[in-house]
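K.L.:
Residues per chain, in single letters:
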Amino acid sequence: MKVSLFVTCLNEIFYQDVAKDVVEVLERLGCEIDLPRGQTCCGQPAYNSGYRKDAITAAKQMITSFEDSEYIIAPSGSCTAMFKEYPGLFNEHKGWQERAQAVAEKTYEFTQFIVDVLGVEDVGAVYPAQATYHTSCHMLRLLKETEAPFKLLENVKGLELLPLENSYDCCGFGGTFAVKMVPISEQMVDEKVRNIEQSSADVLIAADSGCLMNIKGRMDRKGIPIDVKHIAQILNTLA
Amino acid sequence: MVKGTIHNKDLFLNQIASKLGRERKDNVSLPKWKHQSQWEVYKNSSKDDLLAAFCKNSKEKNVHVVETEKSMLPETIEKVIKEYGGGSIVTTKDDRFSQYGLTLTLDNSQTHIWDTAMGEVNIKKAKEAILGIFVSDISLAESGTIVQFNDKDIARSVSLLPTTYVAIVPKSSIVPRMTQATHKIHRSVIAGEELATCVNFISGPSNSADIEMDIVVGVHGPVKAVYLVVKDL
Amino acid sequence: MPMKIGEKPFFGRVDDALQDHFMRNAMASAQDRFRNKKLDATERDEQVGDWEEWRSAGEEIRRHTLENLDFYLDQLSENFSKRGGHVFFAKTVEEANRYIQKVAKEKDAKYVTKSKSMVTEEIGLNEALEEVGCHVYETDLAEYILQIDNKDRPSHIVVPSLHKNKEQIRDTFQAKAGYTGTEEPHELTAFARSQLREVFLKADIGITGCNFAIAESGTISLATNEGNANMVTTYPDTQITVMGMERLVPTWEELDVLINLLSRSAVGQKITTYVTNLTPGVEEDCVDAPKEFHLVILDAGRSNALGTEFQSALHCIRCAACVNVCPVYRHIGGHAYGSIYQGPIGAVLSPILGGYEEYGELPFASSLCAACTEACPVKIPIHELLIKHREKYVNHQENVKTSEKLAMKAFGVGTSTPFLFQIAVKGAPMFMKPLIKDGSISNGPGPMKPWTAIREFPAPGKDNFRSWFKEHQKGRQ
Numbered sequence: 001m002k003v004s005l006f007v008t009c010l011n012e013i014f015y016q017d018v019a020k021d022v023v024e025v026l027e028r029l030g031c032e033i034d035l036p037r038g039q040t041c042c043g044q045p046a047y048n049s050g051y052r053k054d055a056i057t058a059a060k061q062m063i064t065s066f067e068d069s070e071y072i073i074a075p076s077g078s079c080t081a082m083f084k085e086y087p088g089l090f091n092e093h094k095g096w097q098e099r100a101q102a103v104a105e106k107t108y109e110f111t112q113f114i115v116d117v118l119g120v121e122d123v124g125a126v127y128p129a130q131a132t133y134h135t136s137c138h139m140l141r142l143l144k145e146t147e148a149p150f151k152l153l154e155n156v157k158g159l160e161l162l163p164l165e166n167s168y169d170c171c172g173f174g175g176t177f178a179v180k181m182v183p184i185s186e187q188m189v190d191e192k193v194r195n196i197e198q199s200s201a202d203v204l205i206a207a208d209s210g211c212l213m214n215i216k217g218r219m220d221r222k223g224i225p226i227d228v229k230h231i232a233q234i235l236n237t238l239a
Numbered sequence: 001m002v003k004g005t006i007h008n009k010d011l012f013l014n015q016i017a018s019k020l021g022r023e024r025k026d027n028v029s030l031p032k033w034k035h036q037s038q039w040e041v042y043k044n045s046s047k048d049d050l051l052a053a054f055c056k057n058s059k060e061k062n063v064h065v066v067e068t069e070k071s072m073l074p075e076t077i078e079k080v081i082k083e084y085g086g087g088s089i090v091t092t093k094d095d096r097f098s099q100y101g102l103t104l105t106l107d108n109s110q111t112h113i114w115d116t117a118m119g120e121v122n123i124k125k126a127k128e129a130i131l132g133i134f135v136s137d138i139s140l141a142e143s144g145t146i147v148q149f150n151d152k153d154i155a156r157s158v159s160l161l162p163t164t165y166v167a168i169v170p171k172s173s174i175v176p177r178m179t180q181a182t183h184k185i186h187r188s189v190i191a192g193e194e195l196a197t198c199v200n201f202i203s204g205p206s207n208s209a210d211i212e213m214d215i216v217v218g219v220h221g222p223v224k225a226v227y228l229v230v231k232d233l
Numbered sequence: 001m002p003m004k005i006g007e008k009p010f011f012g013r014v015d016d017a018l019q020d021h022f023m024r025n026a027m028a029s030a031q032d033r034f035r036n037k038k039l040d041a042t043e044r045d046e047q048v049g050d051w052e053e054w055r056s057a058g059e060e061i062r063r064h065t066l067e068n069l070d071f072y073l074d075q076l077s078e079n080f081s082k083r084g085g086h087v088f089f090a091k092t093v094e095e096a097n098r099y100i101q102k103v104a105k106e107k108d109a110k111y112v113t114k115s116k117s118m119v120t121e122e123i124g125l126n127e128a129l130e131e132v133g134c135h136v137y138e139t140d141l142a143e144y145i146l147q148i149d150n151k152d153r154p155s156h157i158v159v160p161s162l163h164k165n166k167e168q169i170r171d172t173f174q175a176k177a178g179y180t181g182t183e184e185p186h187e188l189t190a191f192a193r194s195q196l197r198e199v200f201l202k203a204d205i206g207i208t209g210c211n212f213a214i215a216e217s218g219t220i221s222l223a224t225n226e227g228n229a230n231m232v233t234t235y236p237d238t239q240i241t242v243m244g245m246e247r248l249v250p251t252w253e254e255l256d257v258l259i260n261l262l263s264r265s266a267v268g269q270k271i272t273t274y275v276t277n278l279t280p281g282v283e284e285d286c287v288d289a290p291k292e293f294h295l296v297i298l299d300a301g302r303s304n305a306l307g308t309e310f311q312s313a314l315h316c317i318r319c320a321a322c323v324n325v326c327p328v329y330r331h332i333g334g335h336a337y338g339s340i341y342q343g344p345i346g347a348v349l350s351p352i353l354g355g356y357e358e359y360g361e362l363p364f365a366s367s368l369c370a371a372c373t374e375a376c377p378v379k380i381p382i383h384e385l386l387i388k389h390r391e392k393y394v395n396h397q398e399n400v401k402t403s404e405k406l407a408m409k410a411f412g413v414g415t416s417t418p419f420l421f422q423i424a425v426k427g428a429p430m431f432m433k434p435l436i437k438d439g440s441i442s443n444g445p446g447p448m449k450p451w452t453a454i455r456e457f458p459a460p461g462k463d464n465f466r467s468w469f470k471e472h473q474k475g476r477q
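Protein sequence lines correspond, in order, to chains X, Z and W.
Positions 1 to 239 (the numbering used here) are the ones given, in order, by the first sequence.
Positions 1 to 233 (the numbering used here) are the ones given, in order, by the second sequence.
Positions 1 to 477 (the numbering used here) are the ones given, in order, by the third sequence.
These aren't lab readings, by the way, just hints derived from the structure by calculation.
A few of these clues could be false.
Non-contacting residues of chain Z with respect to chain W, defined by C-beta distances greater than 10 Å in every case (computed) [stated by the list, open to error]:
#1 48
#2 51
#3 65
#4 66
#5 67
#6 80
#7 83
#8 107
#9 108
#10 109
#11 231
#12 232
Keeping only pairs whose Cα atoms sit at most 20 Å apart, straight-line, the calculated EDC-like set for lysine to aspartate or glutamate is [as the list claims (entries may be wrong)]:
#13 X:53 - W:384
#14 X:222 - X:202
#15 Z:9 - Z:23
#16 Z:47 - Z:232
#17 X:180 - W:15
#18 W:291 - Z:153
#19 Z:9 - W:94
#20 W:392 - X:85
#21 Z:224 - W:187
#22 W:291 - Z:151
#23 W:437 - X:220
For every residue, glycine included, the Cβ atom is placed at its ideal position computed from N, Cα and C.
Using the sequences plus the hints, can you model the full thing?
P.N.:
Written out as structure tokens, the structure is:
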């Protein structure tokens, strides 16, 4: 199966290991991956901050880069959700709207693609640890993907998934919210970190690098030694 | 009935229409709603099932539910009155009391039957009453709710001022939920019938959770509620 | 403006809120309790059926009503007056208050009882009535607590005193009302009952808000629990109801759906203890009902939303379900919003009613987690409306720092020019290298500064992913 990877800007700049793991997992499941050269960022930082025009610029770039793809896969619930917003950006440009719609329809979040399209729930990973999972808001509420990551993690050998109190609450990232509303964001991430600590997990797993960057950044600052992993890193760990 | 007044209507509504980008509308028909889950609740329930649901859901609202055969109603109501300490009682002025054979039970010096001719005295009596007794017109199984169509005789005060109210709930009055009651009212409005000035849906005693979200039963309205369910079917 | 709470700027209010540990605990525990109660009454209640269907029904009804608002308001006012009621359409807060003052003066009213109403908070009606010599009594327990505590302001649209604990309430009752009991909620409640009992009976005017007006019959519907609204609308000779112009339904059948959505979403009840539906026209010799009934229909900025992308904000039925799930509200509480309409819907409504100058920062006080949108019983896309506010706000040059505009411009250029984007990706490790210590950045400059004020910023990865991918692909062939 041919798939195009949207690596996402955070993974491209900060977390190349995550990107590599995504590639390797998908290849192991029989996908042939290409990396459209024109890809940059999904445009969400501008869109969510109210800079619609700048978001449209980014969206056009992404649509152009990905519209020939069969499947578009992003290892981020949030960036995937942004792709789904594209048609709404072009209410006054029917031509672009159709193109945006076509791109949105074939875009999947990484775990969603594995479970729903490839029909795989056990990728053969082994990861002996006690972990807890952060359900990122955009994956949960915009993509409404509540099951795929859990199905995959349940089948990881040795991995015990512990419940996370108030898991539905936002971690306080929210893109530019994290830098615009620092005192509020701080309280939100602190509550999230407290709940993670109380879960007594050694590893925090999520499918969105934005949330992980926020939570890890706060835990590192506070010297809390809990490991933080993108779900691709778990799924690419073999015996 | 003397017609009331309306001030500033056209200016106000014209502006709304203009904001909506069109002329004023003088006719709108209601669409057929696509989503109507309300009719599914207790849809195929028998009267017995509705009765059971009504009793269960009423108890959840802190109501003391007493079931009785129609023939036993006078005795049962006397028992209830005793249980709640006797004393003064206020009732609505309602022909149904005699139909239920309660005329004699309620005909005593302790009981005040609402009488508009007595003016403010009625309110004083209701305020002092231990029990307020009235009949539920429609009763909702889903939420343990009784419905009153208040007027000058079916006075609002009877269910409001006494410490405890006793609603006589005919089994025949029980419907699945608010939907059936509002549907009936809607039909009667369309038919041009006069609507009661107060249609009151009441579910149990008054309560509040305003202090630290702890439920306290008995605030400004009655502190206790009794439903006397009469098996008239 | 009566809608406004506090004088400090937004971040000052946030700082105050974050220091108030009791308030924050109260908010968090209230949210957790609300969540369970609501779930029990919605998704977990098998009897009620598919909750999503109910929400769609609510959305459908609200949309139709607002699209035909002029028609239904016309019908409402005609039916209300046909039964002898008096309707006053008020464009502004001042017009509404002046009309109600006039009625109070005509009635020579001394005592006014009120049931809970956010719209009368919005117009500052208590002060307006005091100006004309009335004693105004708030009778909803939460509003009563606030009123006797030096007119404290609401922090939640359904439970306005949510920010106070029972000990604080006990102390207030003792200091201001001669209370001698304990902090037990039932004792405090019994005290309020005894204090207000006579007041209810002697009041000259009773004032209520309006959950829904029913156009087909000219009826006002009130959803309450304490019985105070019934007292307020039964004993005074005059009743005045103030309603936001959007708060109506076409017929009793739609009332049914919306009452169900409201009761379950707001307080997790199948139905509130009282749903009291009042229509003018009492009989001459009726002893316990108001002789005169006035309805004030208020715009006060609501029409700013009509015909715009914000129209669906007027679908709101004030259940506070969005407030109850908002992680931002959880930490800063209600007063920090600076408006009587707080939380996510407050951040949408307040700028519509009060303008960006006063409330422009509120739409940014959201992480856009969309919990609000998910909770809304009439499916208002609340987080999307917050984004739309942001768009409007940043489009006014003066609102935004030039540096932010430039950064976003650069973002636009960078993301639309893959070549530049790659320069940024490749250059990041080099640019950031001097800042990195032990694998992350602790004290970043410029735009990184607010991030690193509380968190570590990650060091850019050492490799270039695209080069790796190219090599990797070659290896596979």
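K.L.:
Compare the structure with each hint and give your call.
P.N.:
These are the hints, each one checked on the structure:
With a cut of 10 Å on Cβ distances, residue 48 of chain Z stays outside the contact zone with chain W, its closest approach being about 17 Å. Listed as outside the interface, residue 51 of chain Z is consistent with that label: its C-beta sits roughly 16 Å from the nearest C-beta of chain W, beyond the 10 Å cut-off. No Cβ of chain W comes within 10 Å of the Cβ of residue 65 of chain Z; the nearest lies about 16 Å off, and the non-interface call holds. Look at residue 66 of chain Z: its CB is around 20 Å from the nearest CB on chain W, clear of 10 Å, so calling it non-interface holds up.
No Cβ of chain W approaches the Cβ of residue 67 of chain Z within 10 Å, the least distance being about 21 Å, so the stated non-interface status holds. For residue 80 of chain Z, the requirement that its beta carbon stay farther than 10 Å from each beta carbon of chain W is met, with the minimum near 21 Å. With a closest Cβ-Cβ approach of about 22 Å to chain W, residue 83 of chain Z is found to remain outside the 10 Å limit, as its non-interface label requires. Separation of residue 107 of chain Z from chain W is adequate, the least Cβ-Cβ distance of about 22 Å exceeding the 10 Å criterion.
Non-interface status of residue 108 of chain Z relative to chain W is upheld: no Cβ of that chain comes within 10 Å, the nearest being about 22 Å off. No beta-carbon of chain W comes within 10 Å of the beta-carbon of residue 109 of chain Z; the shortest separation is about 21 Å. Interface exclusion of residue 231 of chain Z from chain W stands, the closest Cβ pair being 23 Å apart, more than 10 Å. Its beta-carbon lying about 24 Å from the closest one in chain W, residue 232 of chain Z satisfies the requirement of being farther than 10 Å from that chain.
Proposed proximity of residue 53 of chain X and residue 384 of chain W is supported: the alpha carbons are some 16 Å apart, at most 20 Å. As the CA atoms of residue 222 of chain X and residue 202 of chain X are separated by approximately 16 Å, the hinted pair is consistent with the 20 Å bound. Using a Cα cut-off of 20 Å, the hinted pair residue 9 of chain Z and residue 23 of chain Z holds, with the two alpha carbons roughly 15 Å apart. Proximity of residue 47 of chain Z to residue 232 of chain Z is assessed by CA-CA distance (about 11 Å); at most 20 Å being required, the pair is judged to hold.
For a cut-off of 20 Å, the pair hint linking residue 180 of chain X to residue 15 of chain W stands: about 14 Å separates their Cα positions. Annotation: proposed proximity of residue 291 of chain W to residue 153 of chain Z holds, straight-line Cα distance about 16 Å (limit 20 Å). Only pairs whose Cα atoms come within 20 Å are accepted, and residue 9 of chain Z paired with residue 94 of chain W is accepted, the gap being roughly 17 Å. With a C-alpha separation of about 18 Å, the suggested pairing of residue 392 of chain W with residue 85 of chain X holds against the 20 Å cut-off.
The suggested pairing of residue 224 of chain Z with residue 187 of chain W holds, with an alpha-carbon distance near 16 Å, which does not exceed 20 Å. Between the alpha carbons of residue 291 of chain W and residue 151 of chain Z the distance comes to roughly 13 Å, so the proposed pair stays at or under 20 Å and holds. Restraint check: the Cα-Cα separation between residue 437 of chain W and residue 220 of chain X comes to about 12 Å, which is no more than 20 Å; the hinted pair holds.
Consistency note: the structure conflicts with none of the earlier hints.
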